[in-house]
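Chains A and B are the protein sequences, given in the same order. Position 136 of the first sequence, counted from 1, bears residue number 135 in numbering that gives the first Met the number 0, the numbering being contiguous throughout. Position 220 of the second sequence, counted from 1, bears residue number 219 in numbering that gives the first Met the number 0, the numbering being contiguous throughout.
None of these hints come from the bench; they were simulated from the model. Treat the hints with caution; some may be incorrect.
Among chain A residues calculated to face chain B with C-beta under 8 Å, some are [claimed, not checked]:
#  : residue
1  : Phe65
2  : Leu67
3  : Ala68
4  : Glu75
5  : Asp98
6  : Ala109
7  : Asp128
8  : Asn149
9  : Pro150
10 : Gly151
11 : Gly153
12 : Asp154
13 : Leu159
14 : Thr161
Quick list of the computed label-pair ranges, beta carbon to beta carbon [stated by the list, open to error]:
#  : chain 1 : residue 1 : chain 2 : residue 2 : range
15 : A       : Ser1      : B       : Gly235    : 52 to 62 Å
16 : B       : Arg27     : A       : Arg82     : 28 to 38 Å
17 : A       : Glu11     : B       : Asp128    : 32 to 42 Å
Think of the CB as a built atom: it goes at the ideal place given N, C-alpha and C, for glycine as much as any other residue.
There are 2 protein chains.
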Amino acid sequence: MSFRERLQAASERNGSLLCVGLDPDPARLPSHLGPADDARTVVAFNRAIIEATADLVCAYKPNLGFYLAYGPAGVEALIETRRLIPPEIPVILDAKVGDLGNTSIAYARAYFEAWDFDAVTVHPYMGEDSLEPFLSRADRAVFVLVKTSNPGSGDLQDLLVTDDGATEPLYLRVAARARRWQERFGTCGLVVGATYPRQLAEVRERCPDLPILVPGVGAQGGDLTATVQAGLDESGAGILINAARGVIYAGSGPDFAEASRQVATDLRDAINQARRR
Amino acid sequence: MSFRERLQAASERNGSLLCVGLDPDPARLPSHLGPADDARTVVAFNRAIIEATADLVCAYKPNLGFYLAYGPAGVEALIETRRLIPPEIPVILDAKVGDLGNTSIAYARAYFEAWDFDAVTVHPYMGEDSLEPFLSRADRAVFVLVKTSNPGSGDLQDLLVTDDGATEPLYLRVAARARRWQERFGTCGLVVGATYPRQLAEVRERCPDLPILVPGVGAQGGDLTATVQAGLDESGAGILINAARGVIYAGSGPDFAEASRQVATDLRDAINQARRR
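Bound-form chain A, shown alone (with noise of 0.2 Å):
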């Protein structure tokens, strides 16, 4: 089965287009499960939260960049938490990785074969090649990032480029290789910020086919209702909503687990009725 294929499942069985990040904090880890620094606590704390909101998502997506930095064991503690997760719920990690030839290949291998994510997202900065290692596994997917959420973005993603005839903003070119992408792969989806709801719908319309995951609700403060109209498809789905710190430290507790059950309801279903509008 394609990711896209186990993702639709997914998401019509649970009746959401919610994704949970799962980002382990030190900062903000429940004290009583065991020491922030022990990277054991970080797999206690995420085992309650995937039993929590298991029903309730379309999908899992875990930040590497929180996970190294507990070491080593913080690597072994993002590998376990991928078996956490039943196997009929996709996980995207998001590596934000790009790199070229051989290193991609030593990546791609990691990421797909030996830790077993369904998905990855990429930097598209190197090009094509660059990203083939990724986009050329049929059962896979490639979220590549096109406009991301944080507020310098525009720095280098809308400076205005001419290409192919047309002046507009790197970030619709990148949707545009994307695209190509995809009609050469099958594989690929986009990274959008939901705190550019405009700029969302411009790359929706431009990539009508494929799935974007938003981050940035929530804490990051984009509009939820915004960012559902514009990220829509056709078939009123094709998007992953990603929320983290939100959910995940709904509360800190020994009842986060429920607290982070009761957002994540909430949250899926602001969602389904932002769809329904």
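Could you slot chain B onto chain A? The hints should help.
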């Protein structure tokens, strides 16, 4: 001491602009060192290469991907490798990182503090705020990908951009941004592939004062004399010519370290000869 001062000191002490890439490929490790899939074999290999070349280089550059491919034990091997390098030689972690906010902070803490690397390579696509946790470390350095050595690097990097009244390829706009980051933070360097000597000369003209890391001589086919001539700054230095496979896999028998010492010596001397042209 700043990274620039440490780099200059190492370069002058060893009379060298050669940077050796420590990229352990399981298919090419000498078999007598142990099982190729055991990260301890990687450490034994790196130890021998470092001992054989530490008086011939201005820096080392391990690429994160080759270590992550070994899983948690690979991260341990990477940290151990860093410790094996004499403290007076700067070590650049080729992580090609680019993330935002809290995640960038987590990466910077891992790479600079916990693992104690002197510099990292970064993707510019997400803009200045995404790089600030790296750039703001006065005693470390950040090498920004400008024009990469892979065949498809032109895919985005050569797109024509109109910015500040000028129309020119994206990679030159990235170089202009990096120059501004250098003015603000004082910790910035660039990456330009040896496979593009003309573009290297353009970047050098634009950024007369920034160190440029130049991968892609040897295995990737870059011409050494053209590269050195194009990249030197006014002082006749300012470049780090990176070689990995050509040096570290010069031999595969019990004398592999001596073979790599010989190639590294020849390469250092050839670079110095090209400097004097």
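To see whether the hints hold, each was checked on the structure:
no. : hint                           : verdict
1   : Phe65                          : 5 Å, holds
2   : Leu67                          : 5 Å, holds
3   : Ala68                          : 4 Å, holds
4   : Glu75                          : 4 Å, holds
5   : Asp98                          : 5 Å, holds
6   : Ala109                         : 5 Å, holds
7   : Asp128                         : 4 Å, holds
8   : Asn149                         : 4 Å, holds
9   : Pro150                         : 6 Å, holds
10  : Gly151                         : 4 Å, holds
11  : Gly153                         : 7 Å, holds
12  : Asp154                         : 3 Å, holds
13  : Leu159                         : 5 Å, holds
14  : Thr161                         : 5 Å, holds
15  : A/Ser1 x B/Gly235: 52 to 62 Å  : 55 Å, holds
16  : B/Arg27 x A/Arg82: 28 to 38 Å  : 31 Å, holds
17  : A/Glu11 x B/Asp128: 32 to 42 Å : 38 Å, holds
Comparing the model with each earlier hint shows no violations; every hint is respected.
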